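Engineer: Residue numbers (the numbering used here), protein chains in the order written: chain F, 23 to 340; chain S, 30 to 405; chain X, -2 to 298.
Hints in this document: simulated from the structure, not taken from any laboratory. Any given hint could turn out to be false.
[What the hints assert, rightly or not] With a Cα cut of at most 20 Å, we get these calculated PhoX-like pairs of lysine-lysine: (1) X:Lys133 - S:Lys293; (2) F:Lys175 - S:Lys288; (3) X:Lys30 - F:Lys210; (4) X:Lys30 - S:Lys288.
These numbers come from a predicted model, not from an experiment.
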Amino acid sequence: MKNTTIIFGISALAIACAPFALNTYWVDVLNNVGLYAILALSLNIILGHAGLFHMGHAAFYAIGAYTAAILNTTYGVPILWLMPVAGVLAGLFALVVARPIIHLRGDYLLIVTIGIVEIVRIALINNVFDLTGGANGIFGISRPSVFGFKITKPQHFYYLIWGFAAATIFLLLRLEHSRFGRALLYIKEDEVAAGGSGINVPQLKLIAFVIGAVWAGMTGTIYAAKMTIIAPESFSFAESVVLFTIVILGGSGSIPGVILGAFLLVGLPELFRGLAEYRMMVFGAAMVLMMIFRNQGLVPPAPKHYAIKPDLRAGGAQ
Amino acid sequence: MNKRLITLGCLTLALLVLAIGPAWAKTIRIGLMCPLTGSWASEGQDMKQIVELLAAETNKAGGIDGAQVEIVIEDDGGDPRQAALAATRLTTKDIAAVIGTYGSSITEASQNIYAESGILQVATGSTAIRLSEKNLPLFFRTCPRDDEQGLVAAKTLTSLGFSKIAILHDNTSYAKGLADEAKALLEKDGKTIVFYDALTPGERDYNAILTKLKSADPEVIFFTAYYPEAGMLLRQKMEMNWNVPMIGGDATNNPDLVKIAGNKAAEGYMFLSPPVPADLDTPEAKAFMTAYQGAYGSAPGSVWAVLAGDAYRVIAEAIAKTGDTSGEKLAAYLKANLKDFPGLTGTVSFNDKGDRVGDLYRVYKVDANGAFVLQP
Amino acid sequence: MEEFFQQLTNGLAVGGIYALIALGYTMVYGVMKLINFAHGDLFTIGAYLGLTLLLSFGLFDKIGPLAAVGVLAIMVMILVAIIGALLERVAYKPLRRSPRLTAVVSALGASIFFQNTIMAIYSPKFLVYPHDILPKMAVNILGLDVPIIRILMFLTSLALMAALYFFIQKTKIGTAIRAAAIDQGAAKLMGINVDRVIMLVFCIGPALGGAAGLMVGLYYGQVNFSMGWMYGLKAFTAAILGGIGNIPGAMVGGLLLGVIEALGAAYISIAWKDAIAFCVLILILIVRPTGLLGERVAEKV
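Isolated chain F, as found in the complex (with noise of 0.2 Å):
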């Protein structure tokens, strides 16, 4: 435990002073970690705690940062107070669309979260109800501002990213630790056993999708302030499939590994700049080669351990 917590100290150090060692560029990069790994530890709440195959996480994410993006453009609304807005949206789609198939198995969930994250593709570039501008997308969204402090340079938008990001792990250390994270583990082990212990595991299945599509949409309206330009092909299948890849790779249910998946996927393309038309290559086999000397993911979660109450151990052990 003494370990685990001086590693966090030390990151959270070296994360906080990056951008005074760093030039611009790389410090975009890390901007660009940052919004991932975000990303990725609200999938991880329902693939890597709930177990459930979903690679259509793009589709939240884009169902807020649109929501953001039209709201500012239209009124005006000051993009970072849209960001509960934007959350609340993106969650209540996902309530709409999983309710229905919440309960199919593995794989046949995989197609179908796929077949929604083109489906709202598909809708964006289609400019659905006038609103979201075809292929072109929404551009000219306004720069978000903190106290009266607008945020434009890549330096500013990584306090405001990792802020973000710190705040997303903290409430996810909580979440995994109560009684709804626990319950979530025990379906994720075994299903049925869960449900025989009196576990609602539609329901709880459902929450742990809703709750990670709020996250993915607040995280929208972060990039969409970013970016100030948002077009459909930034919310394609390939990029869920990238948000699954880092959390498979960094180690599922496990919140530093996330991190750190997020760190090497979209880390790695950057520093293979040098192979130009090769990265991708070199990128690809490098997946490979990860997964199989790490085959649990990268930081694999530790195995629970709650210390028995001392008087039930009196008792009990002979």
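Chain F is already provided as a structure; the job is to place chains S and X on it using the hints.
Structural biologist: For chains S and X alone, kept in the frame of chain F given last:
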């Protein structure tokens, strides 16, 4: 297990060194942002070849005012998010100006980044109207805008005497923009648009779409998207024995169109495009064609990559004439002093918005041998 | 009505290809419970290898189109089968005892690797099969002009699927494959060499995918390094639609998906056709959670 991990770590480190490597030298650095991977990799790799060729020529001739030119290339992957990163990376590399990129939405994701760093940007294939309507003083492009092409398209379709027109696009920013532009103009002109829809790019079988198109019975199909799909459409149209004429936008200007469709199916196909160097008898265009043939053994792929060459040439010209590499000075020169510069695709001048001026569009027709023939 | 039948044949032609690729997904899934996302790229490799072999041997001039296509198909299938087996050995075998999704990520990595390797070897340009190597005749069926190649292509996919079905159902090796699909441990106890069965499955599935790639190359003419991604996704959809792990299901799913796409494009909207196909898929799965022909197996407890 641990040993393997260490090896893996060392490999990663080695690659890191490789990536950050090249030493700094006292030269003029010009950035090139293009799609080296992803769906438009062939355009991007062509852009790279052309710009590198031209830069090598400059350097062989003694550089710009004695300074050697170095091209710094970043891959945008044809994706807005990657483009933003590539742009940020270029801004840290001490470049005088940047060339690129191909797709409009990709360019858009990078515009603000260059603008905020005071770097001159000359886009090459990004034709969306709004890119130059944002008051970005350092933004230029060597390609014409969609509204101009829409105008030419409507005029051409009208002058050929068609009145029942089918419009097909592919829902990309560019193709949809052109389709909308042409549709509005044609409808204002009293023409009937009997069909307006989008195909999915990247597929192989477009028979379902052609069957539907046929039942709408148009006199002509105006196709605003890219050459691979145009080639497939022509090929499958011929297999259906349907002889309706098809006219395309400038994104179908690629010799691969004929390769895909076959000479027989492509014969008679017409498209609008800025002229390719092979059709110009300016000395610049001829010299370029010979040099490209000599270096790579074939003719350049599409006109879009050649426009990157033009972007390089105007930047080099501006640096040579002003003796300066600051974005504002270069931009001022390009707007005020560069008039009728002999480019690879005809003369180049820019207006106040940074758009290329002049009547750039020509109509091409494919002949029986599959060659693109400039129409008078 | 004529248009309807025309669209139906359009859909069946596309669906035949989907079905052939879907078989590879379904077979691998049946035995390994693995979604082999690299399968679409094996299809692309088939298309490219076909082109290379065709150009380098000039078979069409020497032995005539029909024999040439046959020889070419056999060569492509063997080569792609070898690549498939290698893929299994390198990327999946070390992961047999890992969590299921680990192998999925490995497959995604392999897919990225294949795609970019093809791009590096063959250039990112669209490559084209020679024109006019196949006869371009059409026959008149019920008032419709249907190109002969299309019929041949459709019949070939049906023949391949039927051959596979009988192989799995009637031969001893097929029985071994089915046994391994049901319970690997028990199959081992019965003296079945499960490793070899898996190797075999990874030869047959990719071989069929490679054949589909060759057919697409020959018929549509145009090949591109990224084409496998979309075909792979469609074929995976088809396999799920029919009930993954089930061979007749893959055929039905593939054909049905092709027809839904064609009719959706014809009568609703071309731009929305993929969305329509996915909507139908979701509706079918809500009603039949294991696909059309999938068995309702109780989850192992």
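Engineer: I'd like to know which numbered hints this structure contradicts. Please list them from smallest to largest.
Structural biologist: 2, 4
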